[in-house]
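Model the placement of chain B on the given structure of chain A, informed by the hints.
Going line by line, the protein sequences match chains A and B.
Reading the first sequence from the start, the letters are residues 6 to 115 in the working numbering.
Reading the second sequence from the start, the letters are residues 1497 to 1613 in the working numbering.
Hints are computed from structural coordinates only; laboratory data are not their basis.
One or more hints might be untrue.
[Claimed, not checked] Result set (DSSO-like, lysine-lysine): computed pairs, CA atoms no more than 30 Å apart in a straight line:
hint : chain 1 : residue 1 : chain 2 : residue 2
1    : B       : Lys1534   : A       : Lys8
2    : B       : Lys1536   : A       : Lys8
3    : B       : Lys1537   : A       : Lys107
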Amino acid sequence: DAKTTQPPSMDCAEGRAANLPCNHSTISGNEYVYWYRQIHSQGPQYIIHGLKNNETNEMASLIITEDRKSSTLILPHATLRDTAVYYCIVRVSGYSTLTFGKGTMLLVSP
Amino acid sequence: DTEVTQTPKHLVMGMTNKKSLKCEQHMGHRAMYWYKQKAKKPPELMFVYSYEKLSINESVPSRFSPECPNSSLLNLHLHALQPEDSALYLCASSQDLTPGGLGDTQYFGPGTRLTVL
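Chain A with its partners taken away, still in its complex shape:
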């Protein structure tokens, strides 16, 4: 699976959009971008994934650049409960394992 690079930490004010970047310059054509988050002492939670088109669900939006070398997870109106470690994972769906990197610690403040 391709490697990903994320900033170790980010801050966001409550109610504002949180934009979490991820670089995956070695991504190959059949690799998906997945985002999970882990709130302190809980299990990771699936957020969203995509291949090349932008995706949106009730939790977030995923913007993937045209060359697919980077992506951004957008939480449109961050709340205190969005404080968590956010993991960007690039993988081939199927038998490839889910390999977590260090992630980004997002701190949402009042």
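Just chain B now, kept in the frame of chain A:
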């Protein structure tokens, strides 16, 4: 319903004890996973079961023994653990391992926090 349950929530055991961790899902998923997460580190995959058969063993020591008695249940049997095995043990499940879509999106349980004395 995307719930994966794990019991117990906390477990303290001695190095000579035998204990088991239990994971259950009722989503009809046919793939189940065990992960280990040390403090301030990301989760690391241990085992993958697909259709009740062991598919992946990430070179885990034999003192950890997984078991999948049916499609809804996954156990992790523990014996002769070391203090360094203290960690959060996470279970996850996915529909199966079919590429693309939501087929292999993994849903995690809350974990069992294990302390080995």
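When the hints from earlier in the document are held up against this structure, which numbers fail?
-> The structure conflicts with no hint, since it agrees with every one listed earlier.
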